[in-house]
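Using the sequences provided together with the hints, build the complete structure.
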Amino acid sequence: MGNMTSVRPGRPPSTKQEEWLPREMFKLSCAVMGPSGAGKSTEACTDRVEDVTIDLEEFTFEGHGLILVDTPGFDVPRKHGITDIDILKQISRWLAKCYRNPSMTLAGIIYVHDITDDRLDSTALRNLSLFHEICGSDAFSQVTILTSKWQQLGEAVRGPAEDRETELLSNPQWKSMTQHGAEVNSLRSAESNAARDVVISLLSRPQAREYRMKLKIQVELIDQNRTLPQTGAGRQLKSILKNTAKRENNNPVLRQALAQFRTPFSVRWKQFLGIYRFNEDEAFGKETVVRSSPSPNA
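For the sequence shown, counting from 1, position 221 maps to 221 in the numbering used here; every step adds exactly one.
Note that these hints are calculated values from the structure, not bench results. The C-beta atom is built at its ideal place from N, Cα and C for all residues, glycine as well. One or more hints might be untrue.
Per label pair, the in silico range of CB-to-CB distance [to be verified]:
#1 N243 with F278: 24 to 32 Å
#2 S103 with R268: 49 to 57 Å
#3 K242 with A156: 41 to 49 Å
#4 G159 with D281: 15 to 23 Å
#5 E282 with P160: 12 to 20 Å
#6 S266 with T166: 49 to 57 Å
#7 E58 with N250: 53 to 61 Å
#8 S266 with P206: 23 to 31 Å
#9 T60 with E167: 34 to 42 Å
#10 D121 with Q260: 27 to 35 Å
See the structure below:
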């Protein structure tokens, strides 16, 4: 496969930029997602990876402010009592703030996969399934799937790695993304210019430049007034963690996190009466991780 495999993108369901804000007034943002250790920090042109925090790096792209958002991966178990629920809360909080900020435009997402992994293990599959629930199929036309760490492979194993990349395209979750407009790119160089070229390629697509990206989880939280446990990603993660807790002999950290990851009765009552509107504290609840990154409203 070449450096990039493209398919015809679907029509973005999101709002045209010129219909809601003058073009010169908005900032573009590009999120980088995927399992921890997949090389997201390199792809985001940052110097380090924070295991449990969201990292923001600001650049200039064709006269506009560009914010690259490096997100932590879903990789249970974690230290210090932190679970993937806390990671989902962090990512969702940022996405909700971005969605509600008229001067911030989520223009695209890069999903990073480590090509040195011999197979899609449970961690990779967990990240993929949650990525699907966070984005929704309508947003995939503004997604790039990026295979990373090619520079770590010797010549003898590059052939098998290319075969593995081809096989990944037939994986149901990858195939679903490409069928809905996602493009596949491979980062063959460790140079920062190569990573920036990936970002520029993504943001140069017509749909990324003209439309404000709408993710499934943003619509669920803001437009449909759901809490995080009621979203598709929240339900998916709860199911995953229940199975993980059983395998780990009722892991007390996961059990406690799951017990707290629910919609309060007061919120459900407001929803029943039709008077609930998105509220950050009620939608996300208590969070273990202390966020150190600036928000899109900064």
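Evaluated hints:
The hinted window of 24 to 32 Å between N243 and F278 holds, with their beta carbons roughly 30 Å apart. Look at S103 against R268: about 33 Å separates their beta carbons, and that is not inside 49 to 57 Å. With their beta carbons about 43 Å apart, K242 and A156 fall inside the hinted range of 41 to 49 Å. Take G159 and D281: their Cβ atoms lie about 53 Å apart, and the range 15 to 23 Å is violated.
At roughly 50 Å, the beta carbons of E282 and P160 sit outside the given window of 12 to 20 Å. Distance hint check: the CB atoms of S266 and T166 are about 52 Å apart, consistent with the given range 49 to 57 Å. A C-beta distance of roughly 44 Å is found between E58 and N250, which places it outside the suggested range of 53 to 61 Å. Under the hint 23 to 31 Å, the C-beta atoms of S266 and P206, about 45 Å apart, miss the expected range.
The supplied range of 34 to 42 Å is met by T60 and E167, whose beta-carbon atoms lie about 39 Å from each other. Evaluation of the 27 to 35 Å hint for D121 and Q260 yields a pass: the beta carbon distance comes to about 28 Å.
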